[in-house]
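Starting from the given sequences, assemble the full structure and let the hints guide the process.
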Amino acid sequence: MRRIPVVIIGIGSVGRQLIHHIVDTRRLHAKQ
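Taking UniProt numbering, the leading residue of the sequence shown gets 1, the next gets one more, and so forth.
None of these hints come from the bench; they were simulated from the model.
This structure is a prediction, so every number in the text was calculated from the model and none was measured.
Treat each hint with caution, since some may be false.
To be verified - Distance ranges between label pairs, derived from CB positions:
#1 L28 to I4: 34 to 40 Å
#2 Q32 to G12: 26 to 32 Å
#3 K31 to I9: 31 to 37 Å
#4 H29 to I9: 29 to 35 Å
#5 A30 to I9: 27 to 33 Å
#6 R3 to R27: 35 to 41 Å
#7 I4 to K31: 39 to 45 Å
#8 K31 to R2: 43 to 49 Å
#9 P5 to R27: 30 to 36 Å
#10 I4 to R26: 29 to 35 Å
#11 R2 to Q32: 43 to 49 Å
Glycine included, C-beta positions come from ideal geometry on N, C-alpha and C.
Written as C-alpha cells, this is what we have:
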C-alpha cells in the first residue's frame with residue numbers, strides 16, 4: 001500500500017509534463 005502513493009506522485013509529475021507539452025503543441029497548431 002505504501003508504494004501506491006509514490007507511483008501516483010511519479011505519474012502526476014510526468015503527467016504534468018505531458019499535458020504541458022500537449023498544450024504547447026496545440027497552441028502552435030492553433031497559431032498556424
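For Q32 and G12, compare the CB-CB distance with the range 26 to 32 Å and indicate the outcome.
Once the Cβ atoms are compared, 31 Å apart, the range 26 to 32 Å for G12 and Q32 holds.
Is 39 to 45 Å right for how far apart the beta carbons of I4 and K31 are?
At 40 Å between Cβs, range holds.
Starting from the hint 35 to 41 Å, judge whether the C-beta atoms of R3 and R27 obey it.
holds, 36 Å
Given the range 31 to 37 Å, decide if the beta-carbon distance of K31 to I9 lies inside it.
holds, 34 Å
Should the hint that K31 and R2 are 43 to 49 Å apart at their CB atoms be regarded as holding?
holds, 45 Å
Against the range 34 to 40 Å, how does the distance between the Cβ atoms of L28 and I4 compare: consistent or not?
Holds, at about 36 Å.
Regarding H29 and I9, is the given constraint of 29 to 35 Å on their beta-carbon distance met?
holds, 31 Å
If I claimed the Cβ atoms of P5 and R27 lie 30 to 36 Å apart, would that claim hold in this structure?
holds, 33 Å
Per the hint of 27 to 33 Å, is the separation of the Cβ atoms of A30 and I9 within bounds?
holds, 32 Å
Range first: 43 to 49 Å. Now tell me if the beta carbons of R2 and Q32 are that far apart.
holds, 47 Å
Range first: 29 to 35 Å. Now tell me if the beta carbons of I4 and R26 are that far apart.
Hint holds: Cβ distance 31 Å, inside 29 to 35 Å.
Of the hints listed earlier, there is not a single one the structure fails to meet.
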